[in-house]
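Protein chains: 2
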Amino acid sequence: MTSQNAMQVPQPLTAYNIKPLFNSVDAFLFDCDGVIWKGDKLIDGVPQTLDMLRSKGKKLIFVTNNSTKSRRQYADKFHSLGLSVAEDEIFSSSFAASMYLKVNNFSPEKKVYVIGGDGILEELHLAGYTGLGGSYIILQEDGDKRAQLKSDYLFQHDKSVGAVVVGLDPNINYYKLQYATLCIRENPGCLFIATNRDAVGHMTDLQEWPGAGCMVAAMCGSTEREPIVVGKPSTFMMEFLLKKFQIDTSRMCMVGDRLDTDILFGQNAGCRTLLVLSGVTTQSTLENPENNIQPDYYTSQVSDILELLEH
Amino acid sequence: MTSQNAMQVPQPLTAYNIKPLFNSVDAFLFDCDGVIWKGDKLIDGVPQTLDMLRSKGKKLIFVTNNSTKSRRQYADKFHSLGLSVAEDEIFSSSFAASMYLKVNNFSPEKKVYVIGGDGILEELHLAGYTGLGGSYIILQEDGDKRAQLKSDYLFQHDKSVGAVVVGLDPNINYYKLQYATLCIRENPGCLFIATNRDAVGHMTDLQEWPGAGCMVAAMCGSTEREPIVVGKPSTFMMEFLLKKFQIDTSRMCMVGDRLDTDILFGQNAGCRTLLVLSGVTTQSTLENPENNIQPDYYTSQVSDILELLEH
Numbered sequence: 666m667t668s669q670n671a672m673q674v675p676q677p678l679t680a681y682n683i684k685p686l687f688n689s690v691d692a693f694l695f696d697c698d699g700v701i702w703k704g705d706k707l708i709d710g711v712p713q714t715l716d717m718l719r720s721k722g723k724k725l726i727f728v729t730n731n732s733t734k735s736r737r738q739y740a741d742k743f744h745s746l747g748l749s750v751a752e753d754e755i756f757s758s759s760f761a762a763s764m765y766l767k768v769n770n771f772s773p774e775k776k777v778y779v780i781g782g783d784g785i786l787e788e789l790h791l792a793g794y795t796g797l798g799g800s801y802i803i804l805q806e807d808g809d810k811r812a813q814l815k816s817d818y819l820f821q822h823d824k825s826v827g828a829v830v831v832g833l834d835p836n837i838n839y840y841k842l843q844y845a846t847l848c849i850r851e852n853p854g855c856l857f858i859a860t861n862r863d864a865v866g867h868m869t870d871l872q873e874w875p876g877a878g879c880m881v882a883a884m885c886g887s888t889e890r891e892p893i894v895v896g897k898p899s900t901f902m903m904e905f906l907l908k909k910f911q912i913d914t915s916r917m918c919m920v921g922d923r924l925d926t927d928i929l930f931g932q933n934a935g936c937r938t939l940l941v942l943s944g945v946t947t948q949s950t951l952e953n954p955e956n957n958i959q960p961d962y963y964t965s966q967v968s969d970i971l972e973l974l975e976h
Numbered sequence: 666m667t668s669q670n671a672m673q674v675p676q677p678l679t680a681y682n683i684k685p686l687f688n689s690v691d692a693f694l695f696d697c698d699g700v701i702w703k704g705d706k707l708i709d710g711v712p713q714t715l716d717m718l719r720s721k722g723k724k725l726i727f728v729t730n731n732s733t734k735s736r737r738q739y740a741d742k743f744h745s746l747g748l749s750v751a752e753d754e755i756f757s758s759s760f761a762a763s764m765y766l767k768v769n770n771f772s773p774e775k776k777v778y779v780i781g782g783d784g785i786l787e788e789l790h791l792a793g794y795t796g797l798g799g800s801y802i803i804l805q806e807d808g809d810k811r812a813q814l815k816s817d818y819l820f821q822h823d824k825s826v827g828a829v830v831v832g833l834d835p836n837i838n839y840y841k842l843q844y845a846t847l848c849i850r851e852n853p854g855c856l857f858i859a860t861n862r863d864a865v866g867h868m869t870d871l872q873e874w875p876g877a878g879c880m881v882a883a884m885c886g887s888t889e890r891e892p893i894v895v896g897k898p899s900t901f902m903m904e905f906l907l908k909k910f911q912i913d914t915s916r917m918c919m920v921g922d923r924l925d926t927d928i929l930f931g932q933n934a935g936c937r938t939l940l941v942l943s944g945v946t947t948q949s950t951l952e953n954p955e956n957n958i959q960p961d962y963y964t965s966q967v968s969d970i971l972e973l974l975e976h
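Protein sequences, first through last, are from chains A and B.
Throughout, the numbering used here is defined as the position within the first sequence, counted from one, plus 665.
Throughout, the numbering used here is defined as the position within the second sequence, counted from one, plus 665.
Just so you know, these hints were derived from the structure itself, not from any lab.
Treat identical chains as interchangeable: a pair holds within one or across any two.
Taking lysine-lysine and the DSSO-like style, the derived pairs with C-alpha atoms no more than 30 Å apart in a straight line are: (1) Lys706 - Lys810; (2) Lys706 - Lys824; (3) Lys703 - Lys815; (4) Lys815 - Lys742; (5) Lys909 - Lys684; (6) Lys703 - Lys909; (7) Lys724 - Lys703; (8) Lys815 - Lys706; (9) Lys703 - Lys824; (10) Lys724 - Lys909.
This one's a predicted model, so the numbers in the text were calculated from it and none came from an experiment.
Please model the entire structure based on the sequences and the hints provided.
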């Protein structure tokens, strides 16, 4: 079975088409924000649906662009919401960033400057790298630092920084932007890695906030460079997933709430795709003639899978 | 006389070609940062050169993308450096932003949210508009505010904001980014105006720092919108200049240190162009085969005009 044709009209998930989809899929890949939860609130019917899928022998994999947490921190969040999910079922863009460095034999003697949060720094630490700049508890936080714009002041940066990782950072400031810009512009060969480029995300339950795409664009603006993106829709994370789970991508279904990350990621990797309307994408956005990313299926929320199968 | 051909090889300014250039020009337009000064230090020979040009009857006009100051504040800076320049000889991108609103009949009953500094807010105030968000002394400063990312917190923004102006802001933070993003995404018809898109600038004498292009890109990243740019290389400011000075653009020479703003601005407006190497552009950047912006002339610094004419 091959990936869908992008020009195909997406089908609403129904009691008729759910069975063939279910039977043709061995693994369900879920985005988290807007699919499993919204901010700190679980979306209705998710636990029962995941339990049913596991009971039918389906693999469950969670693929999130949100870099603010490490895999360990995500496992804690799942548990706190009453969901039993193991660390190695979770693929976050924070993990992907440090895995990108590993795969590319980035020297542990070089340092990594981070615009982002704990998640990235913890994953770097677990991979044996030294992160600077973020807010990981054992390290210094640059979020409270102020750039000194005095006439004769020379802003110093660490010449041993060989990579800058940029993710969502609610403590973004001019100090961090200058630090990261100097690393990329002045340290020879310095990598510029973006966890993801989501424009906005549900940082709180009630509304959207600027996403990593905001901080990444800021760095593109000051460096005039383009980043290596490791999160969705880049298929970098899929390589790891495939090594671990050994399931053909044509027997995977990517379930997500965003067209330009989740659905595109699924399509790029050759998966079936299911858009849920419980997150950032509305039905009118999906049906807008300007939208050129069409999922195979769409439905209102994850629990529809359970309801339609029981129908 | 028409604008130069972009494919033409730029000529070094010499004792032979300075005379015809000088005689064919009635007004010299100068960029400031990297041309007149660097940070707070005057570039050698500038006062004598400007005095000579005035004594020969040339109009002097100062066109700067730096939005951190108003025209009044720029006049103060010129005076503090011993240069006699009047407010109405100065065209800053802060002034251009408020003039853009005026020209487009932006209602004074609507407010303007500012990511940027005093310069923008003072110009808005002088034009009869209410600015929010920046650091103008009579207004509240959002630079010290923190976004509250609590679960049930709803970030409120002013629904009467009808324009967002983004310039260089050393106090950039997540609060401001969220505020401006909500205005652009949720207030119907809200304008998104960029003072300029310079990647970097000399915020201090000794090195470059992220420029307005950094903050503007951040806002493009979170809003997925493109701004109206009022600074160089947009020719918006030229309209004002021409009304005031009534000199044909073919009898103007734009003198600047940046190819993608100053020289392109001069070319777009139909001026002669002179690149000085006292700022961000090196001779090797100019001669790089990938550079496709070629000034008519180039020289090391402004005072060469004086030296070559006296030769």
